[in-house]
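Construct the entire structure; sequences and hints are all you get.
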Amino acid sequence: MPQETPDFLTRWKCISEQAVHHAQLAQTTDRLFDSCRKRCEDQSRTWQGARDELSNLHVLASHSKEVARKIEKLSAMIVQLESQYDRIAGQRRQSELDSWIAQQKSSHLAWQEALRETYSSKRNKHQHQLDQLTAERQLRLRERLETDFREQMKAYRGHDYSYYREPAPQPSSIKTSMEQLTLRHGEDADQALDAFLESEDDTDDHGQLGHSLVPNRNSMSPVSPKDKEPNIGHYGNRNRGDSDSGSEGRPEILAEEDWSE
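All residue numbers for the sequence shown refer to UniProt numbering, where the first residue is 1 and numbers rise by one.
Calculated from the structure, these hints are not laboratory results.
Among the clues, some could well be false.
Pair ranges (Cβ atoms, derived) [what the hints assert, rightly or not]:
no., residue 1, residue 2, range
1, Gln112, Arg140, 29 to 35 angstroms
2, Asp30, Glu66, 51 to 57 angstroms
3, Leu54, Gln84, 41 to 47 angstroms
4, Asp98, His128, 28 to 34 angstroms
5, Ser55, Arg31, 34 to 40 angstroms
Every residue, glycine too, gets a C-beta built ideally from N, C-alpha and C.
Structure, rendered in structure tokens:
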């Protein structure tokens, strides 16, 4: 065995110390390595979780895209359904409006028909009353005219026209008198006169025609000038009334009927 020298011991001691120190470093390194390994494992798990989460996010993104497409489809369907609802609601409102218009039109037609019936019944009633009043008025006018003509015929048959300055009535003056009589009595005077002339006898007491307005001068006795009446012109203008009152002496024309009914 070689002899130990101080240098050798020193170096051995140094080497022993270094070995202890390296052993301690190795332990520390192992601890550090274990810690790093643990950290790496933790980080690996973290990254794995992140990768899982990222994959999940990708899945969610794909699902989100599908959901978005579905939402777009649903939105399009909702818009279509809204348009269909608006169209159906518009058609329903139009149908309700058409039915209301038809109902109003039918009620208006019924009201118009009822009003027409009421107006027709009232018109028929008023027309019947008017016909009755017209018939009564024409009858009274006929009687008045016949009485008037009879009185004038009797008055004219007893006069002698030789005392008058004007000649006896001629057919033209008779025609004028007829026109004036028509103006006074209305359009019914001609009919009343015709009916009166037809009802008179064909001849009178002096052998003349009963409806002749020209008297027979040979058959009448003369009239004194004091008994003469004022100049009559023709029978339509003759005054047969009271001289004091100055009235016409003709029967009053039938008063106007109350047609307000």
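Verification of the supplied hints:
no.: 1; hint: Gln112 <-> Arg140: 29 to 35 angstroms; in the structure: violated, 41 angstroms
no.: 2; hint: Asp30 <-> Glu66: 51 to 57 angstroms; in the structure: holds, 52 angstroms
no.: 3; hint: Leu54 <-> Gln84: 41 to 47 angstroms; in the structure: holds, 44 angstroms
no.: 4; hint: Asp98 <-> His128: 28 to 34 angstroms; in the structure: violated, 44 angstroms
no.: 5; hint: Ser55 <-> Arg31: 34 to 40 angstroms; in the structure: holds, 35 angstroms
The structure fails to meet hints 1, 4 from the earlier list, while all remaining hints are met.
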